[in-house]
Amino acid sequence: MSAQESAPDQPQGSAQIHHLPGQPSAPPTQPWPAEPDNPGTALDRDLVDTVRVNLSAVERRAGTLTTRRTVKKDWQAAWLLKAISCIDLTTLNGDDTAGRVRRLCAKARTPLRSDLVEALGIGDLGLTTGAVCVYHTFVETAVEALRGTDIPVAAVSTGFPAGLNPMDVKLREIEASVAAGAREIDIVVTREHVLTGNWQALYDEVKAFKAACGQAHMKTILATGDLATLRNVGRASMVAMMAGSDFIKTSTGKEGVNATLPVALVMVRAIRAYHAWSGNVVGFKPAGGISTAKDALGFQFLMKEELGRSWLEPGLFRFGASSLLADIERQLEFHITGRYASYDHHAVG
Amino acid sequence: MTVAQIFETMEYGPAPESDAEGRAWIDRHKGVTKLFIGGRWVKAKSGADFETSNPATGQPLIRIAEAGDKDVDAAVKAARAAQPEWAALPGHQRARYLYALARLIQKHSRLLAVLETLDNGKPIRETRDLDIPLVARHFYHHAGWAQLMDTKLADRMPVGVCGQIIPWNFPLLMLAWKIAPAIALGNTVVLKPAEFTSLTALAFAELCEKAGLPAGVVNIVTGGGSTGELIVNHPDIDKIAFTGSTEVGRAIRTATAGSAKSLTLELGGKSPFIVFDDADLDSAVEGVVDAIWFNQGQVCCAGSRLLIQEGIYDAMVAKLRTRMESLRVGDPLDKAIDIGAIVAPVQLERIRTLVDQGVSEGADLWQPSWAVPTEGCFFPPSLFTNVSPASTVARVEIFGPVIAAMSFRTPVEAVQLANNSEYGLAASVWSESINLALDVAPKLKSGVVWVNTTNQFDAAVGFGGYKESGFGREGGLEGTYAYTKPRRDKAREAWKEPDPLPKPKPAEGSPLTIDRTPKLYIGGKQARPDGAYSRPVLAPDGTILGEVGEGNRKDIRNAVEAARKAAGWVSASTHNRAQILYYIAENLEARADEFAVRLSAMTGAKPKAAQAEVAASVARLFSYGAWADKFDGAVHSPPSRGVALAMNEPIGVLAVACPDVPPLLGFVSLVAPAIAMGNRVIAVPSERHPLSATDLYQVFDTSDVPGGVVNIVTGDKDALASVLAKHDAVDAIWYCGSPEGSADVERASAGNLKQVWVDNGHARDWLDPTDGEGEVFLRAATQVKNIWIPYGE
Numbered sequence: 001m002s003a004q005e006s007a008p009d010q011p012q013g014s015a016q017i018h019h020l021p022g023q024p025s026a027p028p029t030q031p032w033p034a035e036p037d038n039p040g041t042a043l044d045r046d047l048v049d050t051v052r053v054n055l056s057a058v059e060r061r062a063g064t065l066t067t068r069r070t071v072k073k074d075w076q077a078a079w080l081l082k083a084i085s086c087i088d089l090t091t092l093n094g095d096d097t098a099g100r101v102r103r104l105c106a107k108a109r110t111p112l113r114s115d116l117v118e119a120l121g122i123g124d125l126g127l128t129t130g131a132v133c134v135y136h137t138f139v140e141t142a143v144e145a146l147r148g149t150d151i152p153v154a155a156v157s158t159g160f161p162a163g164l165n166p167m168d169v170k171l172r173e174i175e176a177s178v179a180a181g182a183r184e185i186d187i188v189v190t191r192e193h194v195l196t197g198n199w200q201a202l203y204d205e206v207k208a209f210k211a212a213c214g215q216a217h218m219k220t221i222l223a224t225g226d227l228a229t230l231r232n233v234g235r236a237s238m239v240a241m242m243a244g245s246d247f248i249k250t251s252t253g254k255e256g257v258n259a260t261l262p263v264a265l266v267m268v269r270a271i272r273a274y275h276a277w278s279g280n281v282v283g284f285k286p287a288g289g290i291s292t293a294k295d296a297l298g299f300q301f302l303m304k305e306e307l308g309r310s311w312l313e314p315g316l317f318r319f320g321a322s323s324l325l326a327d328i329e330r331q332l333e334f335h336i337t338g339r340y341a342s343y344d345h346h347a348v349g
Numbered sequence: 001m002t003v004a005q006i007f008e009t010m011e012y013g014p015a016p017e018s019d020a021e022g023r024a025w026i027d028r029h030k031g032v033t034k035l036f037i038g039g040r041w042v043k044a045k046s047g048a049d050f051e052t053s054n055p056a057t058g059q060p061l062i063r064i065a066e067a068g069d070k071d072v073d074a075a076v077k078a079a080r081a082a083q084p085e086w087a088a089l090p091g092h093q094r095a096r097y098l099y100a101l102a103r104l105i106q107k108h109s110r111l112l113a114v115l116e117t118l119d120n121g122k123p124i125r126e127t128r129d130l131d132i133p134l135v136a137r138h139f140y141h142h143a144g145w146a147q148l149m150d151t152k153l154a155d156r157m158p159v160g161v162c163g164q165i166i167p168w169n170f171p172l173l174m175l176a177w178k179i180a181p182a183i184a185l186g187n188t189v190v191l192k193p194a195e196f197t198s199l200t201a202l203a204f205a206e207l208c209e210k211a212g213l214p215a216g217v218v219n220i221v222t223g224g225g226s227t228g229e230l231i232v233n234h235p236d237i238d239k240i241a242f243t244g245s246t247e248v249g250r251a252i253r254t255a256t257a258g259s260a261k262s263l264t265l266e267l268g269g270k271s272p273f274i275v276f277d278d279a280d281l282d283s284a285v286e287g288v289v290d291a292i293w294f295n296q297g298q299v300c301c302a303g304s305r306l307l308i309q310e311g312i313y314d315a316m317v318a319k320l321r322t323r324m325e326s327l328r329v330g331d332p333l334d335k336a337i338d339i340g341a342i343v344a345p346v347q348l349e350r351i352r353t354l355v356d357q358g359v360s361e362g363a364d365l366w367q368p369s370w371a372v373p374t375e376g377c378f379f380p381p382s383l384f385t386n387v388s389p390a391s392t393v394a395r396v397e398i399f400g401p402v403i404a405a406m407s408f409r410t411p412v413e414a415v416q417l418a419n420n421s422e423y424g425l426a427a428s429v430w431s432e433s434i435n436l437a438l439d440v441a442p443k444l445k446s447g448v449v450w451v452n453t454t455n456q457f458d459a460a461v462g463f464g465g466y467k468e469s470g471f472g473r474e475g476g477l478e479g480t481y482a483y484t485k486p487r488r489d490k491a492r493e494a495w496k497e498p499d500p501l502p503k504p505k506p507a508e509g510s511p512l513t514i515d516r517t518p519k520l521y522i523g524g525k526q527a528r529p530d531g532a533y534s535r536p537v538l539a540p541d542g543t544i545l546g547e548v549g550e551g552n553r554k555d556i557r558n559a560v561e562a563a564r565k566a567a568g569w570v571s572a573s574t575h576n577r578a579q580i581l582y583y584i585a586e587n588l589e590a591r592a593d594e595f596a597v598r599l600s601a602m603t604g605a606k607p608k609a610a611q612a613e614v615a616a617s618v619a620r621l622f623s624y625g626a627w628a629d630k631f632d633g634a635v636h637s638p639p640s641r642g643v644a645l646a647m648n649e650p651i652g653v654l655a656v657a658c659p660d661v662p663p664l665l666g667f668v669s670l671v672a673p674a675i676a677m678g679n680r681v682i683a684v685p686s687e688r689h690p691l692s693a694t695d696l697y698q699v700f701d702t703s704d705v706p707g708g709v710v711n712i713v714t715g716d717k718d719a720l721a722s723v724l725a726k727h728d729a730v731d732a733i734w735y736c737g738s739p740e741g742s743a744d745v746e747r748a749s750a751g752n753l754k755q756v757w758v759d760n761g762h763a764r765d766w767l768d769p770t771d772g773e774g775e776v777f778l779r780a781a782t783q784v785k786n787i788w789i790p791y792g793e
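From first to last, the protein sequence lines are chains X and L. The numbering of the first sequence is the numbering used here, which starts it at 1 and goes up by one. The numbering of the second sequence is the numbering used here, which starts it at 1 and goes up by one.
Keep in mind the hints are simulated off the structure, nothing from the lab. Hints should not be assumed to be uniformly reliable.
To be verified - Taking lysine to any residue pairs in the SDA-like style, the calculated list, with each CA pair at most 20 Å apart, reads:
#, chain 1, residue 1, chain 2, residue 2
1, X, K72, L, Q5
2, L, K152, L, R487
3, X, K294, L, D129
4, X, K72, L, K443
5, L, K490, L, D765
6, X, K72, L, E8
7, X, K73, L, E17
8, X, K73, L, M10
9, L, K490, L, Q698
10, X, K72, L, R747
11, X, K73, L, T2
12, L, K519, L, D765
13, X, K72, L, S391
14, X, K73, L, Q5
15, X, K72, L, M1
16, L, K519, L, L545
17, X, K73, L, K443
18, L, K525, L, D704
19, X, K294, L, E586
20, X, K73, L, P16
21, X, K72, L, P16
22, X, K207, X, E192
23, X, K72, L, M10
24, X, K294, L, E17
25, X, K72, L, R487
26, X, K72, L, L327
27, X, K72, L, A260
28, X, K73, L, M1
29, L, K34, L, L61
30, X, K72, L, Q698
31, L, K443, L, L327
32, X, K294, L, P16
33, X, K73, L, K525
Please model the entire structure based on the sequences and the hints provided.
Structure representation (structure tokens):
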């Protein structure tokens, strides 16, 4: 690493307050970066080559993150509400229809039953999901359905999920989605570039996508399940950020293995290293396979521990998930009523 | 705070583990706890007791009985009475009891975890996820050794009654490490938990009752240091196993000298944590968290000396400081706490004093910006930089959450700094290069080396120290030897005072015979004794056969220096060492007649007997030539993706004080296994009949034995053995001779806690290969280092 690193919002002197009997909590003293801020850098091969990842040690850290941290009662409720605000509510299926997408958008606007919102005393928060994520075909439908809200529409793009379409087609796909109103573009990379160590090609590709995105935020899907090793994940993360990605994202949801905590740990550590090296801020999106409230909390602990408080906000952190919300709703209902909920007591998305 | 407010702050909030069951257990035992002796709960006859408290709050928990001499005596009697029957049970029967204990521990795991946290102050996360599961694992693993003892350890038998004294840092886990192997292998025990932490030992005794363990197999006596002394000094205990400070270990070594008690010590450490510039630094930072902020740093093998390669020093320190900021210190019953309470105010005071000393010596102290609770015993995670190897905080075991960082330039320097400590318990090496990691690991003087991980423990993998961190192993096959002894030992004869020396008379020889003057043999050269005195060597009728040098303290000093310099022998290939042993045998046989005549002359042995001794010596050299490349270590399979290499490493500089008879075979039987395993030897040969040994150095000279590998100092055996035992650069000493000499060597060894092997006056039958050679000797000549290597890409 060519520069000293520190978690951006936890320098010496910050007030990390712990729950201790009799200790007052102090408000955070640092301004938080709320949005990605990454103009990209030149490709620095040396930095890419020095990425080291020890699988067993990473697994150990990932394995103990969820045993070292937990949240209970009101804290758990608040954390799960925060998780909802970070969900990219997603439908990416061959049988998607406009009706299905509109239903999803309705859920994104009103992720929680109103009596639960009231019981939790969070009516003023105006809680919504972080975004709605669809194929290009349904961007306009979603934009229309979300009109009047701040909820952005994200479009998967560039030949999602395999990303093996002709380059000009991929660029046109991005442009079309942006033109249709997508504020976020989730692109996929050519895995071959990673597997063959062709970092220049990967850099050029992602940089071209970023240019095509214009003002839209670009989330770069590394498809980590295809990359085989965590070292590849770490290096690809670095290159993707140098090329200007606003977010790096684990998976399409279509690979054999999707978001796991070890993979996420490697990626967020890359975000931290890249930030320390360049000063640029990049967000993180785990996607695929995150279906329970407990899973979500694990990723949140990871973000807070490894990157700090600001990476818990939807500006810098998203879940790509379709069924996660349903489980969170049921957990919140249990928190309020002390009763385990029926599946049919919550509206489907 | 409202949900909406927490939504903004995103704090963790309280996550308390209920202590209701633990409190209820304590309430059931209110008053003064009892002792568990002979399967019954009895009041301490001493009538004494003391208070135990919760270090996180300072609140008293309960009063603990302090066992006195009558109590300890009763416990030892109960253990003695139970032992023969327990040992006579088929291994399968003992296995069933251990299996039952393992199951009971799992069934009551949360109660044990909560009690441990209340009593010790360690985070519930650790007692729940690490301590108690490992406790159960130890009983499962050793149920297996009970099952297999009759076949796999057929030539071994139990040691007998074991006195076991354990520390407060892992109360129940240390109990498991002690009791599981002991009772699995047919011993019975009297165990004393640490004064600060008796509760889980008492809870364990209740599980023994539930398991229906025969009365007297496990006896638990609570108490402080004086109770421990009663155990250590009890005449009817066969073995002492102690885990604790090096200071107390030294006292126990001294106290047990000459008692014929077997002894294993697991003592202090100042373990290095070495980070090379090709390490995964983020993972190494987490490694440091596990190394020094696990159990508040109250871990004998805690990585407390952080050695960082210079080029990444700043980056690593910066990452570590950032990481320290997000550690959470506080109520150990909170499930989201990283660091709990220090065990007792006296320990907290010790940590503070040492940290203050570090600051006053000029080291830079870094602690996170947040404050620790003011009530209860808490200390913040602390990092010292600007530390030199001479700094107090780099040398003294602090036993707290304090790590001292230093830089190094090269792998060689990393090893040098790492080994620059009187301790040798554990080391952690971080590098993504397998070549580098596996080059460095064997060079580190420690019983455990973790590659890219740290503080890993498993019942299948031996744990224990080098140097002043103690001796003996706990866990794995290597651990079974600490609780068994060779069946053959039973048959040894009692000590007989040797006949008085005959009156010397001059030899009737031709005055024209050229005088052959045997000298000392040091560093591959003949050396005149420093004192320039000689002593006569007498035939049984008193005839002076010659004179040998009267070695003294300075000769020993020179011999030790020569031996240390011959370090190349350690890295000589096992094939090479085997070849040299065969070569010695070959050259000895070429002069067999001459050696036989010499033996006859010195001992009066009939020619046939003398020839037999020479032949046996040749055969013995062959045996150890054979063993040199066959005494392999093992590859353990702990329950994680990776291996642990159990390597048999030479101890280093090994002194042997040889029996008087047989003069040649006795010498060969001790020197050959020692050098076969890669040790360098200082041998004090038979005091009465030293000429066979001094004749041998010509054989060594013609057999390519490198200078310094074998050194011979003749003279007063007990006096020289005493000097060797006191020499802190000698790593081990074997003594064959009188009970008094054995006791003296054991006592004198306490200085550097060298490994001692004495015969307490029970001479071996050296001509019998089942007694005079074999793996017993090889194990005494080696120490097991376990190198943990997780893998995966």
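So, going through the hints one by one against the coordinates:
1. X:K72 to L:Q5: holds, 15 Å
2. L:K152 to L:R487: Distance of about 14 Å is within 20 Å: holds.
3. X:K294 to L:D129: holds, 18 Å
4. X:K72 to L:K443: Violated - the C-alpha atoms of K443 of chain L and K72 of chain X are around 48 Å apart, more than 20 Å.
5. L:K490 to L:D765: holds, 12 Å
6. X:K72 to L:E8: holds, 16 Å
7. X:K73 to L:E17: holds, 13 Å
8. X:K73 to L:M10: holds, 13 Å
9. L:K490 to L:Q698: Between K490 of chain L and Q698 of chain L the Cα gap is close to 38 Å, so the pair fails against 20 Å, i.e. violated.
10. X:K72 to L:R747: violated, 57 Å
11. X:K73 to L:T2: Holds, because 11 Å separates the two Cα atoms, which is no more than 20 Å.
12. L:K519 to L:D765: It is violated: about 29 Å lies between the C-alpha atoms, which goes past 20 Å.
13. X:K72 to L:S391: violated, 44 Å
14. X:K73 to L:Q5: holds, 14 Å
15. X:K72 to L:M1: Answer holds: K72 of chain X to M1 of chain L is near 13 Å, not above 20 Å.
16. L:K519 to L:L545: Holds. K519 of chain L to L545 of chain L sits at ~15 Å (cutoff 20 Å).
17. X:K73 to L:K443: With Cα atoms ~52 Å apart, K73 of chain X and K443 of chain L exceed 20 Å; violated.
18. L:K525 to L:D704: The hint holds at about 13 Å.
19. X:K294 to L:E586: violated, 72 Å
20. X:K73 to L:P16: The given pair, whose Cα atoms are some 11 Å apart, holds under the 20 Å limit.
21. X:K72 to L:P16: holds, 9 Å
22. X:K207 to X:E192: Within the cut-off at roughly 17 Å; holds.
23. X:K72 to L:M10: Since the Cα atoms of K72 of chain X and M10 of chain L sit roughly 12 Å apart, the hinted pair holds (cutoff 20 Å).
24. X:K294 to L:E17: Holds. K294 of chain X to E17 of chain L sits at ~18 Å (cutoff 20 Å).
25. X:K72 to L:R487: violated, 58 Å
26. X:K72 to L:L327: holds, 19 Å
27. X:K72 to L:A260: Judged against 20 Å, a Cα distance of about 57 Å means the pair is violated.
28. X:K73 to L:M1: holds, 12 Å
29. L:K34 to L:L61: Holds, at roughly 15 Å.
30. X:K72 to L:Q698: Roughly 79 Å between the alpha carbons, so the hint for K72 of chain X and Q698 of chain L is violated.
31. L:K443 to L:L327: This hinted pair is violated, its Cα atoms lying about 33 Å apart.
32. X:K294 to L:P16: holds, 18 Å
33. X:K73 to L:K525: Since the Cα atoms of K73 of chain X and K525 of chain L sit roughly 79 Å apart, the hinted pair is violated (cutoff 20 Å).
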